[in-house]
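A.B. asks: Sequence:
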Amino acid sequence: MQQLLPVAIRSVLEKPARYAITRLCFFFNAICAKTVDVSKLDKLEEDVVVTLCLLEKYVPPSFFDIMVHLVVHLVREVRLCGPVYFRWMYPFERYMKVLKGYVQNRTRPEGCIAERYIAEEAVEFCTQHLSNVSTVGVPSSQKMGVSKPLSSCTNTEEVLPYIEQHMIHIRTAYPKFRKRTKWLQDKHNSTFIQWLRFKVQSELEEDNHGVSENLRWLAAGPNMAVPLYRSYLIKGIKFNIKAQDDVRTTQNSGVYLLAHTMQVASAKDKNPILSNMGFYGVIQEIWDLDYQKFTIPVFRCDWIDSSGLVVDELGFTLVDLSKIGHRNDQFVLASQVKQIFFVDDPMHRGWSVVLSMPNREYNDVIGDESLR
1 MQQLLPVAIR SVLEKPARYA ITRLCFFFNA ICAKTVDVSK LDKLEEDVVV TLCLLEKYVP
61 PSFFDIMVHL VVHLVREVRL CGPVYFRWMY PFERYMKVLK GYVQNRTRPE GCIAERYIAE
121 EAVEFCTQHL SNVSTVGVPS SQKMGVSKPL SSCTNTEEVL PYIEQHMIHI RTAYPKFRKR
181 TKWLQDKHNS TFIQWLRFKV QSELEEDNHG VSENLRWLAA GPNMAVPLYR SYLIKGIKFN
241 IKAQDDVRTT QNSGVYLLAH TMQVASAKDK NPILSNMGFY GVIQEIWDLD YQKFTIPVFR
301 CDWIDSSGLV VDELGFTLVD LSKIGHRNDQ FVLASQVKQI FFVDDPMHRG WSVVLSMPNR
361 EYNDVIGDES LR
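The letter at position 99 of the sequence shown is residue 99 when you use UniProt numbering, and the numbering goes up by one with no holes.
FYI, nobody ran anything at the bench for these hints, they're computed from the structure. Since the model is a prediction, treat every value here as computed from it, not as a measurement. From the three backbone atoms N, C-alpha and C, an ideal C-beta is built for every residue, glycine too. A hint or two may mislead.
[As the list claims (entries may be wrong)] Now the in silico label distances, taken between C-beta atoms and shown as ranges:
#	residue 1	residue 2	range
1	Glu205	Val343	23 to 31 Å
2	Arg94	Asp65	24 to 32 Å
3	Asp65	Met277	42 to 50 Å
[Said to hold, decoys possible] Capping the alpha-carbon separation at 20 Å, the derived lysine to any residue pairs in SDA-like fashion look like this:
#	residue 1	residue 2
4	Lys187	Phe177
5	Lys187	Phe198
6	Lys34	Trp88
7	Lys34	Leu228
8	Lys323	Lys293
9	Lys40	Leu74
10	Lys43	Trp88
11	Lys293	Lys187
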């Protein structure tokens, strides 16, 4: 109801009825979120009352029983008790299904559940004391994430002073282009890597240099032999390349990037502005850059051009996956993107609706000695 129902009814109902049902779906999507803005609860409570009034125009009176009326009080419950996911029964219902799967002898269900549970606990306890054991049933191309890749925040914090120094160097070397922001940014992108390598090498020759080991390896560049993966697991989220998704029923290749970048109205625009801009793309290749001391996973993506991006009156983001742009800047750090999903739009052929799911809470404890 939170994700698929608003998309499914886009082509089967008239706009007023579809609008009312979609508002109800958005309401449940808001109150079931992991983070709830308390300042917006009053507005949310007012909107759900209006939504139920809209539903009265298109739904028979027999539909409005006590359960529908209780929707009005859900916001008050959130205000008093906190987010809904702390109190709902979905985890217990799912686990009851797991326990029911343990039953082999229907005349003794409790005994089957107890024996199977004890056996699984014993096996999991033993596996914690086994080292250098390969996982059974998982292809080697999908074993990843154990190398603790360096985070993008660390890279940005260490490299940021050098980025500022390089921009000052470019403005000094090319005074005629000092006011052309786009030209300076393009020049910075094409020459920064080589400049950083010589800059770090010159600082290493000094006695009291402040170059960290990570920055030293970053400036030296990665190993030219780059392994490619079809799947990658990072922060508990599995990403696939497009070719992997094409042979499966699941989808894990869609990504979204929110970047603080330069925006121009056209190629002749000489006054670009810096602001946040969202990019939607599909993963084509997964690279794992090896810097000897650490690895950095990057995605090569096909990014959707701005001409293939539309937001409709209900707030749905529609993309045309055939319109590819930004071909000169396809790579992105794996830690910078958010996973999204593309669902075919039933109203407009060739367009897809963007759906974003909340990321699961996950702590990567692979190789963490303190938890063993």
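A.B. asks: Hints first: check each against the structure and report whether it holds.
C.D. replies: The hints, checked one at a time:
no., hint, in the structure
1, Glu205 - Val343: 23 to 31 Å, "56 Å, violated"
2, Arg94 - Asp65: 24 to 32 Å, "27 Å, holds"
3, Asp65 - Met277: 42 to 50 Å, "46 Å, holds"
4, Lys187 - Phe177, "10 Å, holds"
5, Lys187 - Phe198, "17 Å, holds"
6, Lys34 - Trp88, "12 Å, holds"
7, Lys34 - Leu228, "34 Å, violated"
8, Lys323 - Lys293, "39 Å, violated"
9, Lys40 - Leu74, "14 Å, holds"
10, Lys43 - Trp88, "23 Å, violated"
11, Lys293 - Lys187, "30 Å, violated"
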